[in-house]
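2 protein chains.
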Amino acid sequence: MNKQQQQTRTAIIIGAGLVGSLWAVYLSKAGYAVTIYERRKDLRKTKMSAGRSINLAMSYRGWKGLDDVGVGDDIRKIAIPMYGRTMHYLDNSTSFQPYGNNNQAIYSVARGAINQQLMDIAESHTHTQIHFDEECIDVDLEGGKAVFRNTQTDAITTAEAEVVFGTDGAFSAVRYQALQKLDRFNYSQTYIEDGYREILLPANPDGSYKMAKETLHIWPRGRFMLIALPNFDGSFTCTLFMPFDNHKYCFNNLKTKQQVDDFFEDLFPDFYRMMPNVADEWENHPLSSLAIIRCFPWTHSKVALVGDAAHATVPFFGQGMNCGFEDCSVLWELMQKHDHNWAAIFKEYEVLRKPNGDAVQDLSLKNYLVMRDKVADPDFLLTQKIERRINYLYPESYFPLYTMVSFTNIAYTTALEKGEAQEAMMRQLIRKNHLTPDTDEATIDRIIHEFMKTNSSSK
Amino acid sequence: MNKQQQQTRTAIIIGAGLVGSLWAVYLSKAGYAVTIYERRKDLRKTKMSAGRSINLAMSYRGWKGLDDVGVGDDIRKIAIPMYGRTMHYLDNSTSFQPYGNNNQAIYSVARGAINQQLMDIAESHTHTQIHFDEECIDVDLEGGKAVFRNTQTDAITTAEAEVVFGTDGAFSAVRYQALQKLDRFNYSQTYIEDGYREILLPANPDGSYKMAKETLHIWPRGRFMLIALPNFDGSFTCTLFMPFDNHKYCFNNLKTKQQVDDFFEDLFPDFYRMMPNVADEWENHPLSSLAIIRCFPWTHSKVALVGDAAHATVPFFGQGMNCGFEDCSVLWELMQKHDHNWAAIFKEYEVLRKPNGDAVQDLSLKNYLVMRDKVADPDFLLTQKIERRINYLYPESYFPLYTMVSFTNIAYTTALEKGEAQEAMMRQLIRKNHLTPDTDEATIDRIIHEFMKTNSSSK
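Taken in order, these protein sequences are the chains called W and X.
Residues in the first sequence are numbered consecutively from 1, following the numbering used here.
Residues in the second sequence are numbered consecutively from 1, following the numbering used here.
Simulated from the structure, these hints should not be mistaken for lab results.
Bear in mind that the values here come from a model prediction, so they are computed numbers and not experimental data.
Note that CB positions come from ideal geometry on N, CA and C, so glycine has one too.
Mixed in with the good hints, there may be bad ones.
Computed from the model, here is a short list of chain W residues facing chain X with C-beta under 7 Å [unchecked claim]:
| # | residue |
| --- | --- |
| 1 | 184 |
| 2 | 187 |
| 3 | 190 |
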């Protein structure tokens, strides 16, 4: 791009969440004057609403999205590594399972903190402005125009730019007001049977952590689970995922304080000892639902959906934000490739990313079963251990599913497909060789070397 | 119900289409004062819009829905039986395949004509009123209230009743304004690759039909098809179903008059001879899209969706109206069973009907492949012939898929499941016994008797 063109291009971003704020940084660097419109208040000036702290797990794709535009290190300062899962069993025993080899980790970050940081970075670019309290009430796809109503003053603003991005999340107004009105727009919102409620496990009085810090804690209970992610202040953000109803253990059966108290005491005894007042805190935290949202097309004329607005997922692979940041990396590459020709960029973007949006949703649904159930299964843990070992011995040739998703940017579609094939291969390997959790490492290594020889020669 | 209660109950129906009008008759007979609100003009007072004549195929479930409330005979007067399919091949040859045994038929009815008739019947009940030009703009699910804006005067009306029904079709305002705003409401709209365009093939100058009358005409062309249903005036309503784009033969490749002319001359030579001016008529008829719409729940508090509003389907099994009328039969039975306790009726209705709504959509999608492709395949025709023969010899024990769907009220879910199992059995039977279109009837009968013996003894 010529220097003269700098900042003469214009873009509107609707939604100043994680993806919108990051994408503004990209566009600013690419020479766009960016205006962001956000329905909510400036969260840097308001107190976070209770019970919605929400921790996210940043992994490779997220970091890549940040690093590609040079802001990864700012975020690393507010991220806590989690090197594996710590499972908490009913008998109060625990076990630890690393996520990968060589200290590979995913990172706990507070949604509020990262969003504030990204908004600050976006606004540090002279030509980026964020307007808050602006609700999008209409979008003109062909004209690149959007209409906003200020939630405080009711004032109506119409904005126009060369290109408009809807980064306004699962219940995107851009999608609802404009794309959804197109003929032949495919759309689905599918709620799972389960909801979630967050609970904050506070730090010890001296500020220290009540459990191991650099790990993701899981209490796998078959049909439901509790998880905990560390915060900087010594607390953990805990989330209980469970069916709304129709099960022995479900939110509908936890109506009274006594029921909540009994439930935690019986099902999560070690957690209950750390937080005997859990039942007092219960009602302060909202019960939320969980949905998969799919749609197509993601773009039309001058407008594109990015992140959750295009492909909101359930959170069980920790990939929602990561996938949204990867959308930014991909759009950025396409912007170079097609030299700001948005018609060409959008066409390739949606064809490339839609299957990956679907795949990350499928992976997320599958991983709920892993987290709440399989991680308590010795056979599954053995499989994971063997796969991690193969990856250690053949780091260039074999990637376990979790590794593909969290520690590479292999397409989600490939990860899903390969992951299923590998799962079948591992089952066979274990059965054929009568492997058990007690099989010694030398034997396992020998079998792995044989397996990899056969496997690579058969290609 | 006590006589005193008559007409003291109240119901609102939103949408005076086929299902809404019929359901009003049921409710009137059950003692409800019914008010219907319809967004469109009274079609009895307006000319039908061009190119949207739309013929429907009434089959068993539709007739049952009408007969259960005693109005079937009124509709029989405006229905033309179609005893089978007439396939038109590229070489101008044709073949006829009956739909069933013993003159079983589906019936061609004009949507406009049946709708007018049902509105007349509904209004003949003293306590039923239809208000036209009333667009539903809000629904209060708990309160049983609905708000309407008159499209002519902009006047706002709020109506209230014990129970409210949304029979307002695929793009239901009741669903959109109210149910879709509920947390955890599942919803999907899925457009297929194909669209359709209607063409009217006029009668001969003397009013006679240009093709055989009492049959459904199909020009199966693999990836697309033309069909024709007879009208009373000697004309046929013809519909071309075809992909919008991305195929050799698609609507996007029929842009000029010359292209349309060539297309019909090359692909439907016998049709082209009957209607050489088809290209002149082309632009007068809109191109329409085709979608499957799924949602759940169908009911909430005092409000229920019925017919297309709950389960709009693609039209390839001719079951959209039939399934909607069956909804009425089922609601009617549940109304007796639960003695007007709508909470209980709605609960059972949606649990009972939702799987059938899904199944009729799956069946419809599968039958597109049958109509546009398989009916030109000798193996498929042989299968159908054998199945029809089994049904003839064992009329109580074996129902081909088409028979289950069109000539019984076996649950759509059962039809779908059994149909798939039977398809596999038939393939095996033909292969094992080396049956061909030329196999003589005595041999076929012998094999059928063996098959049924084995089949029934293995149960």
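Each hint tested on the structure:
| no. | hint | result |
| --- | --- | --- |
| 1 | 184 | holds, 4 Å |
| 2 | 187 | holds, 5 Å |
| 3 | 190 | holds, 5 Å |
When each numbered hint is compared with the structure, no violation occurs for any of them.
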